[in-house]
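Which chain is which? The protein sequence lines are Z and G, in order. Under the numbering used here, the residues of the first sequence are numbered 1 to 377, in order. Under the numbering used here, the residues of the second sequence are numbered 1 to 319, in order.
Among the hints, erroneous ones may be present.
With a Cα cut of at most 20 Å, we get these calculated SDA-like pairs of lysine to any residue [what the hints assert, rightly or not]:
1) Z:K252 - G:N206
2) Z:K22 - G:F100
3) Z:K205 - Z:P136
4) G:K307 - Z:P136
5) Z:K252 - G:T208
Hint data in this document are derived by calculation from the structure and do not stem from the laboratory. Predicted model only: the values in this text are computed from it and were never measured.
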Amino acid sequence: MDRIEVSNLNRQFLFRLQDVGKPKAEVAAMRVMERVSGVNIVPHFCRIEDKNIEFYGDFNIIALGLDSIEARSYINSVACSFLEYDSDDKPCEETIKPMVDGGTEGFKGHARVILPGITPCFECTIWLFPPQVKFPLCTLAETPRTAAHCIEYAHLIKWNEVHGGKSFDADDPEHMQWVYSEALKRAELFGISGVTYSLTQGVVKNIIPAIASTNAIISAACALEALKIATGFSKSLSNYLTYNGAEGLHTKVTEFWKDNDCLVCGPGVLIEVDSTTSLQKFIDLLREHPTLPISKPSMVHRGKNLYMQAPPILEEMTRSNLQLPLFDLMGRIPKDVIHVTGTVTLNDRKTSALRKLRIVFKGNVDGVADMDMAGGA
Amino acid sequence: MGKEELTAQETALYDRQIRIWGVDAQRRLSKSHILVAGMTGTIVEFCKNIVLAGIGSVVLLDDRLVTREALSVNFLVPNDEEKLKGRSLAEVCCNSLKDFNSMVHVSVEKGDLSALDGEILDKFDAVVIGRASFATKKTIDGICRKRSKKIAFFTVDCRDSCGEIFVDLQNYVYNQKKNDDNVECQFHYPSLEEAVAVPWNRLPKNVTKLYFAMRVIERFEAAEGRIPGETTAADISSVQQLRGELCKANSINESRIPDELLKRLLEGTREHPPVCAIVGGILGQEVIKALSGKGNPLKNFFFFDAKDGKGIIEDISSL
Numbered sequence: 001m002d003r004i005e006v007s008n009l010n011r012q013f014l015f016r017l018q019d020v021g022k023p024k025a026e027v028a029a030m031r032v033m034e035r036v037s038g039v040n041i042v043p044h045f046c047r048i049e050d051k052n053i054e055f056y057g058d059f060n061i062i063a064l065g066l067d068s069i070e071a072r073s074y075i076n077s078v079a080c081s082f083l084e085y086d087s088d089d090k091p092c093e094e095t096i097k098p099m100v101d102g103g104t105e106g107f108k109g110h111a112r113v114i115l116p117g118i119t120p121c122f123e124c125t126i127w128l129f130p131p132q133v134k135f136p137l138c139t140l141a142e143t144p145r146t147a148a149h150c151i152e153y154a155h156l157i158k159w160n161e162v163h164g165g166k167s168f169d170a171d172d173p174e175h176m177q178w179v180y181s182e183a184l185k186r187a188e189l190f191g192i193s194g195v196t197y198s199l200t201q202g203v204v205k206n207i208i209p210a211i212a213s214t215n216a217i218i219s220a221a222c223a224l225e226a227l228k229i230a231t232g233f234s235k236s237l238s239n240y241l242t243y244n245g246a247e248g249l250h251t252k253v254t255e256f257w258k259d260n261d262c263l264v265c266g267p268g269v270l271i272e273v274d275s276t277t278s279l280q281k282f283i284d285l286l287r288e289h290p291t292l293p294i295s296k297p298s299m300v301h302r303g304k305n306l307y308m309q310a311p312p313i314l315e316e317m318t319r320s321n322l323q324l325p326l327f328d329l330m331g332r333i334p335k336d337v338i339h340v341t342g343t344v345t346l347n348d349r350k351t352s353a354l355r356k357l358r359i360v361f362k363g364n365v366d367g368v369a370d371m372d373m374a375g376g377a
Numbered sequence: 001m002g003k004e005e006l007t008a009q010e011t012a013l014y015d016r017q018i019r020i021w022g023v024d025a026q027r028r029l030s031k032s033h034i035l036v037a038g039m040t041g042t043i044v045e046f047c048k049n050i051v052l053a054g055i056g057s058v059v060l061l062d063d064r065l066v067t068r069e070a071l072s073v074n075f076l077v078p079n080d081e082e083k084l085k086g087r088s089l090a091e092v093c094c095n096s097l098k099d100f101n102s103m104v105h106v107s108v109e110k111g112d113l114s115a116l117d118g119e120i121l122d123k124f125d126a127v128v129i130g131r132a133s134f135a136t137k138k139t140i141d142g143i144c145r146k147r148s149k150k151i152a153f154f155t156v157d158c159r160d161s162c163g164e165i166f167v168d169l170q171n172y173v174y175n176q177k178k179n180d181d182n183v184e185c186q187f188h189y190p191s192l193e194e195a196v197a198v199p200w201n202r203l204p205k206n207v208t209k210l211y212f213a214m215r216v217i218e219r220f221e222a223a224e225g226r227i228p229g230e231t232t233a234a235d236i237s238s239v240q241q242l243r244g245e246l247c248k249a250n251s252i253n254e255s256r257i258p259d260e261l262l263k264r265l266l267e268g269t270r271e272h273p274p275v276c277a278i279v280g281g282i283l284g285q286e287v288i289k290a291l292s293g294k295g296n297p298l299k300n301f302f303f304f305d306a307k308d309g310k311g312i313i314e315d316i317s318s319l
């Protein structure tokens, strides 16, 4: 859902100066279709969460050029939600939704192939990411050592002190200039060098440096893998390629293994539910669950909406289900899989996620009343 | 070109890359001039990368007329019959390339690569050759090495879903960061002629098969007087015979160069676009490193095989 900016033009070569401000998806689609006859590209100018699951289910391959862990995590959970396992806990081939993912930063990049149920999914290897940089508040407030500390002090602490309720706008040059001069003052106070306007922008906007050649290498590796999956002309990359051109040239292909306990691509988190438990009670259980937990959930069972948080009209339509037993809502079968979208905490940040839950009912499931359950509920 | 400070326009456009290699390197790039010969799919990917990066100027050399085949591997060739009539590959690519960065000077040089002399080559800081005969490559590299001005020399060739890059930076001095200190390092590069003359039995046993296979095909094309890249599956028996002779002369086992690989390279004369992009990306980065003086350069061969996605660096020198 991005628009083209001038700083994109040093590498995003489908765009020209006169395209600045236009939606990336639309211009990219147009340029490629101009050059390659017979190809059909439909642009969608929106957020990835704005599309429903069925939209993604329509595609044979999903290729990713996303710019955050959260975005990748979300699409990964969507692709893995299609995965079904048979009674031997083996993935059903026709439910595997392949993904090709790439990312770059400066001279480094990666390309990977994800076949849910076979190769590790994004969540299986989330431990690969180092902890995200977050400066402790006391460092910013009392003992800065680096130029970045001074900048974040001005951005996160001083701004609110001076500007009260006014929210900071990273795209407003006056705001950026203010942060820069405050950061300079603080740096001078502590004898720290290195605060520049460029660094200020970089720290505040979390700018990722990028060049054309690294992007060419990684995007081509991804295209190659997508072509292999589509045509079967060659063995797929197995399964993670890293490229580092910073010191000399280094490339490596590593075969990572799937995590059998993965919350996302595994057979699903097993939850035992009493047959009398209402949907509302179930939602409360999810929030407190030890391994999930997930809040503000919307739930779907075999394409049927159990409860939707949004949009308002769907919420209204499904609100009455909250009082009904989950067992009844799921057609009174002893066990099945449901899909839940909601909010989880990832890297100390709240983000959207989709989780697969294997629900197993206990209590009055076979039409034979439990001895303890006189009168039912 | 020739100016000292980067303009505001350059700073805005190059922001994301200046954050990586700094203003000095960017300035040096903007003062560099490159000659590119042979507009293959890989070469145009390379050109795109250095033009986007803000090189000073690029001169394209390729008098061949545009063909239908070019359309399937060369993304600088527009999908428009009218624009292609009677124009050379270099002219067509020049027009498209200008679109990518108005601050880079892109032009065409007509004529044969093998006819270029030292005086003409002196205008350039680097020469990059796509597919050409071994004799031509050798000659041009030889001229570059004799000039008093330092001219970096690169060749690149992609066949089937494999690619090869060769680098000759002569005597190259650069600064390497070692634990907070800046250490001066020096690389001595062999010429192309010297490199391929290194006896095969003196190379490490794990040198990639691709190196040897490319040398056999190279020799075959030279012996038969073929235009580079004009081979077919039918050539396999002659190539096998040549392989036998070369392996005997170099005292290595023929099994080091499998039939299957030779067949792939003989048949697959058309380039594979994703491989062009990968190899063109690596080449782009190597040329940028050599011209900006920043970063450890590749020495001296790079190979890529799409079958396994692996990139291999081989140091083929007698030192």
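### Query
Does Z:K252 pair with G:T208 here, judged by a C-alpha cut-off of 20 Å?
holds (15 Å)
### Given hint G:N206 paired with Z:K252 - CA-CA distance at most 20 Å
holds (17 Å)
### Query
Taken at face value, is the distance from the CA of Z:P136 to the CA of Z:K205 at most 20 Å?
Holds. Z:K205 to Z:P136 sits at ~18 Å (cutoff 20 Å).
#### Entry: Given pair status - Z:P136, G:K307, alpha carbons within 20 Å
Roughly 47 Å between the alpha carbons, so the hint for G:K307 and Z:P136 is violated.
### Query
Is it true that the CA of Z:K22 sits at most 20 Å from the CA of G:F100?
holds (17 Å)
In summary, the structure is inconsistent with hint 4 from the numbered list given earlier, while agreeing with all the others.
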